[in-house]
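Chemist: Sequence:
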Amino acid sequence: AITSINTAIDNIAAGNDIWVKLGTYNEIVSISIANVAGEKTVVEGFQTTRGDNPTGANRFTISGESVRANCITGAADGYEFRNFICSAATGDGIATSAGGAYYNFRSTANGTGADCGVCYFYNGELDTNTASGFFNQTTATPWFFFVNSHDNTGNGFAKSNVGGSLANNFFSIADTNTADGFASSGDN
Numbered sequence: 001a002i003t004s005i006n007t008a009i010d011n012i013a014a015g016n017d018i019w020v021k022l023g024t025y026n027e028i029v030s031i032s033i034a035n036v037a038g039e040k041t042v043v044e045g046f047q048t049t050r051g052d053n054p055t056g057a058n059r060f061t062i063s064g065e066s067v068r069a070n071c072i073t074g075a076a077d078g079y080e081f082r083n084f085i086c087s088a089a090t091g092d093g094i095a096t097s098a099g100g101a102y103y104n105f106r107s108t109a110n111g112t113g114a115d116c117g118v119c120y121f122y123n124g125e126l127d128t129n130t131a132s133g134f135f136n137q138t139t140a141t142p143w144f145f146f147v148n149s150h151d152n153t154g155n156g157f158a159k160s161n162v163g164g165s166l167a168n169n170f171f172s173i174a175d176t177n178t179a180d181g182f183a184s185s186g187d188n
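Mapped onto the numbering used here, the consecutive letters of the sequence shown carry residue numbers 1 to 188.
Just so you know, the hints here were simulated from the structure itself, not pulled from any lab data.
No experiment lies behind these values; they were computed from the predicted model shown.
From the three backbone atoms N, C-alpha and C, an ideal C-beta is built for every residue, glycine too.
Incorrect hints may have been included.
Using C-beta positions, here's what the derived DEER-type ranges look like [stated by the list, open to error]: (1) Phe171 with Ile12: 32 to 40 Å; (2) Ala179 with Lys21: 32 to 40 Å; (3) Gly38 with Asn11: 30 to 38 Å; (4) Asn168 with Val42: 19 to 27 Å; (5) Ala13 with Ala75: 26 to 34 Å; (6) Thr7 with Glu80: 35 to 43 Å.
All chains, please: the whole structure from these sequences, using the hints.
Modeler: Structure (structure tokens):
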């Protein structure tokens, strides 16, 4: 049995799925193998049966153990992560320069919850991070659907660049952060 998410990603054919059993994975998941255009690789967590869509603490955890900079990083397109928790990274919990999608997630107790280019975030939580919940330094525009960014030291959602936008927030909430809920120092 494969015990590392990285090992699974490095050895899977493009367009196939990876099923991750409930547990804690102490590693930086590095997305470095690109999918063929139009295909995607889904990394999906399950509790007891594949497809059971766990919630709360019943999602698999990628941990930075307070010593690694990131939980998920990379520059390859075509990945979806579902049903997971990203925690205890000293930098950005999710830090990618490529496009990806994140469903039913929680990014908590990291430096920043997420820093991503053209990424899609669905039904998630960015909380108790020591910097912002989300911080975009690229010229890309991320998308947020039903994301709650709360109790972060810093901004809920922030952008610091020329180009790109934070305008694609649909039914998202930024509350009880120590700075602004939505902040931009770029050109939007």
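Chemist: Now tell me if each hint is right for this structure.
Modeler: Status of the hints after comparison with the structure:
1. Evaluation of the 32 to 40 Å hint for Phe171 and Ile12 yields a pass: the beta carbon distance comes to about 33 Å.
2. Restraint check, Ala179 to Lys21: a C-beta distance of roughly 38 Å satisfies the suggested window 32 to 40 Å.
3. Under the hint 30 to 38 Å, the C-beta atoms of Gly38 and Asn11, about 22 Å apart, miss the expected range.
4. Checked against the hint of 19 to 27 Å, the C-beta distance between Asn168 and Val42 comes to roughly 22 Å, which is consistent with it.
5. The hinted window of 26 to 34 Å between Ala13 and Ala75 is violated, with their beta carbons roughly 20 Å apart.
6. For the pair Thr7 and Glu80, the supplied restraint of 35 to 43 Å is violated, since their beta-carbon distance comes to about 19 Å.
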